[in-house]
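In case you want the letters, here they are:
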Amino acid sequence: MTYLNMMVPGQSGRVVGFSDDSKMVRRLYELGIQPGRSIIYLRNAPFRDPLEVQVGYNLITLRKSEASLIAIEVDE
Amino acid sequence: MSNQNAAGNVISESTIAICGNPNCGKTTIFNAITGLNQRVGNYPGVTVEKVSGTFSVDSTNKHSFTLVDIPGTYSLSAFSPDEDIAVSALIGSLKDAKSPDGIICVLDATNLERSFAFLLQVIEIGRPIVVAVNMVDLVERRGLKINFEKMSQSLGGIPVVPVIGNRRVGIEELKKAAADLPNRKPITVGTNYGPEAEKLFERLVNESNNGHRNRAEYLRVIFDANSPAEERFLLEEPDLMEVLREGQSRIKEVHGSLSLTETAVLSEKAATLFQEIVTIVRPPKTRNSERIDRVLLHPVFGPIILLLTMIIVFQSIFSWSEPLMNLIDSSFSWLASQVEAVMSPGPLQSLLTDGIIGGVGSVLIFLPQIVILFLFIAILEDSGYMTRAAFLVDRLFRWCGLSGKSFIPLLSSFACSIPGILATRTIEDRKLRYITIMVAPLMTCSARLPIYAIMIAAFIPHKTYLGILNLQGIVLSSLYLLGIVVAVIVSFILKKVIFKTERGTFLMELPSYKIPTVHSVSIRVLNRAKSFLLRAGTVILAITIIIWALSYFPHDGKITHQFASQAETARFELKESTQIYSSRLDNFYESAPVDVRSAVDDIRESFSVGNNIEDFTLIRSQMNEQHNELYGPIEALYEIQRQELATETALTELKNLEAGAYLRNSLLARIGKTLEPAFKPLGWDWKITMAILAAFPAREVAIATIGTIYNLGTETDEESLSLIDKMRQARWDDGPRQGEFVFTPAVALSIMVFFALCLQCGATVVTIRKETSSWWYAWGTFTYMTVLAYVAALGVYQLLERFIY
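Protein chains in written order, with the working numbering: chain H, 7 to 82; chain V, 188 to 992.
Source of the hints: derived by calculation from the structure; they are not laboratory data.
Built from N, CA and C at the ideal position, the CB exists for glycine as well.
Please note that a few of the clues may not be correct.
As a list, the in silico BS3-like pairs of lysine-lysine whose alpha-carbon atoms are at most 25 Å apart [as the list claims (entries may be wrong)]: (1) V:Lys386 <-> H:Lys29; (2) V:Lys618 <-> H:Lys70; (3) V:Lys913 <-> V:Lys867; (4) V:Lys683 <-> H:Lys70; (5) H:Lys29 <-> V:Lys682; (6) V:Lys456 <-> H:Lys29; (7) H:Lys70 <-> V:Lys682; (8) V:Lys957 <-> V:Lys282; (9) H:Lys29 <-> V:Lys618.
Computed spacing ranges between beta-carbons, pair by pair [stated by the list, open to error]: (10) V:Ile671 <-> H:Glu79: 42 to 48 Å; (11) V:Glu359 <-> H:Ser71: 43 to 49 Å; (12) V:Leu658 <-> H:Asp27: 57 to 63 Å.
Here are some chain V residues pointing at chain H (derived, C-beta under 7 Å) [what the hints assert, rightly or not]: (13) Thr450; (14) Pro486; (15) Arg582.
Turn these sequences into a full structure, and let the hints steer you where they fit.
The structure is reproduced here in structure tokens:
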């Protein structure tokens, strides 16, 4: 298990859980980043932050600091 | 609610709210329903932009509906101040605002599962609802099939209307369903959030003093700990604090988290609904948007494309608008000359031509630029590119103390800082939001353009370096750059010294790329143009009239008398001195033979086409060559023409002196002269000082004031003399520099730098006050910008004056 910010562009995985209970996590949830869903790390912005991920059919952007709250099981 | 219209018919009026997730196409549907019947106002007590419109379903307009566009949110649990307002307006908990009689909930057909979670929350409000499933044409592509009948059934009989907003498909059906809402009963397919939450809900309902809250309001209080909703509730029901806290910790105990309890229940229910209603026909194709992102968000090409886009936008603002601006300019000049021709001279004529037509015309001329700028902003936003731009610049902006989310507010501020400041509501972090608000007015807004345009055209030489670099262009770009550089420095200082920001967030959806529709873009542009025209027609017109009055009155009769007698003298002297030549000529003519007479007629004819002294000298020598025997008559005719010309020039000069004397004697001049010493170090005379002081309520006024002052100051016979020429000819009328030109490139630059940095906009100050709910930030921003502007203008002028000019 790792965290989303530790992954590299092109990798995909499955959301395992969150390491924080805050408004932020609720919004992640509402945007579709929920436990059990698969997630694709698409790319970094210039200067390697923020990053773009795909969850289901949605494209989401978030910062590395926010990505560090999301625990991921990386696909082999 | 009902009221009477002009014809005396009773109009029944209901308020319908339209809501949905961000990027679900809600605004497109709103535009399709209301068209141009929109107005932008504010929610009572707060400056959150409230866009509403009207529509009716029958041609008699007997039943008119007000449709309120609720800003897009992902859930009723507010994440930022603007979401809180939006949600409160929808729920009906906003103070003094009427709660909607019905709700149109827009669902994104390509994102139904998430949309359902939101719809389930909206149902809790307990109002009649109609569901609009938008973008149904894209469902096929995604390999899905939606059963709309089943959807309506599963949602307890809520009407469901499939819609394709951008092609206006299904809009009429949606309108009819919406019009029927006030007659329908709300349907409750109430969601159960578990025994702990439901028990707390019942206790709160039973023990509260206010029986008017709906279930959605209570759910916000229960699940959103430390939110504005909870705060408001506890303010009204302080006795329930303990009950609420106890219940909340019980939920947390059992489910592990308070807010996620609600989200988890909603997601699960939404997923079940999705499975019931949607059939997956085949796996979806690769997302087009993702493929476009590969290029537009490429680490190298992405920033280059963004930069090129910005260059194209600003280039077009200037090049495309030029012919239109010239057209407006000449129409207003024509209008002024027509009015002048039909009216007799006097205060009213002066008010109309110099005051109103001159003043308003000089502001309206910038309509094309504003339209083009908003056109680009609308296209970039509707296409989905704006969010990408924010993504690209986020890291860079964070170094400056801002965030990628500051990008859209700051970019909008290049059009006008008011929509820019309103757009900061998407920034959740309060400190970051305040920093963005405080630097937004430094972006070069379109109201600064008039001054830049005229100063540059008049006083910056049209030179080209290295074949492509145009000096005028360089100056203009530098002014834009100046605002940006100062904004970076200020936000950096604010971040380090005053606010000391914590980490912000950049969590959002990148919407699918869409081709913006002509309808939606044109409505947005037209609405902006409308509010600009309204501004020009009210505030700016009012200040223009005041400035005109100050510069016209007291129209001292003594001055009129003095100049009238001087003009009389001049005319009399002309008659005296030409008398001798005319009588000599007449004598000669009478005694001359016929052929000589016709030769004299020819000569007279030749002189009549001349306009100036050079012409007459030339004609004299030509005539002498042709008719050397008629030397005497030629000389006499020449003398008459020469003296008439001299008198005419003297009379014009007198008229100018008279106009100048009036202006110098005016109230405006008296105020200006008193203040002049403070602005002399900046290179300004009293006229510039007054124009710039008058522009503090609204920048556009400066150019109108200059227009009025210089129109009044130069009543030349050449009506076509443009404002630029009048300014170029302006001279100091007293003091050590008497007779020297007022405007030099150094003065022009000092004025422009002052404009670049100063907060000359009452509306912006008020908006900052409302958005931060503190006069402290409003006046703080005003003060720092004004001080900065004065110091910078002083520095620029003194430097240029000493070392270059």
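Hints and how they fare:
no. : hint                             : verdict
1   : V:Lys386 <-> H:Lys29             : 24 Å, holds
2   : V:Lys618 <-> H:Lys70             : 21 Å, holds
3   : V:Lys913 <-> V:Lys867            : 21 Å, holds
4   : V:Lys683 <-> H:Lys70             : 22 Å, holds
5   : H:Lys29 <-> V:Lys682             : 24 Å, holds
6   : V:Lys456 <-> H:Lys29             : 21 Å, holds
7   : H:Lys70 <-> V:Lys682             : 21 Å, holds
8   : V:Lys957 <-> V:Lys282            : 16 Å, holds
9   : H:Lys29 <-> V:Lys618             : 17 Å, holds
10  : V:Ile671 <-> H:Glu79: 42 to 48 Å : 44 Å, holds
11  : V:Glu359 <-> H:Ser71: 43 to 49 Å : 48 Å, holds
12  : V:Leu658 <-> H:Asp27: 57 to 63 Å : 60 Å, holds
13  : Thr450                           : 5 Å, holds
14  : Pro486                           : 6 Å, holds
15  : Arg582                           : 4 Å, holds
Checked against the numbered hints given earlier, this structure breaks none of them.
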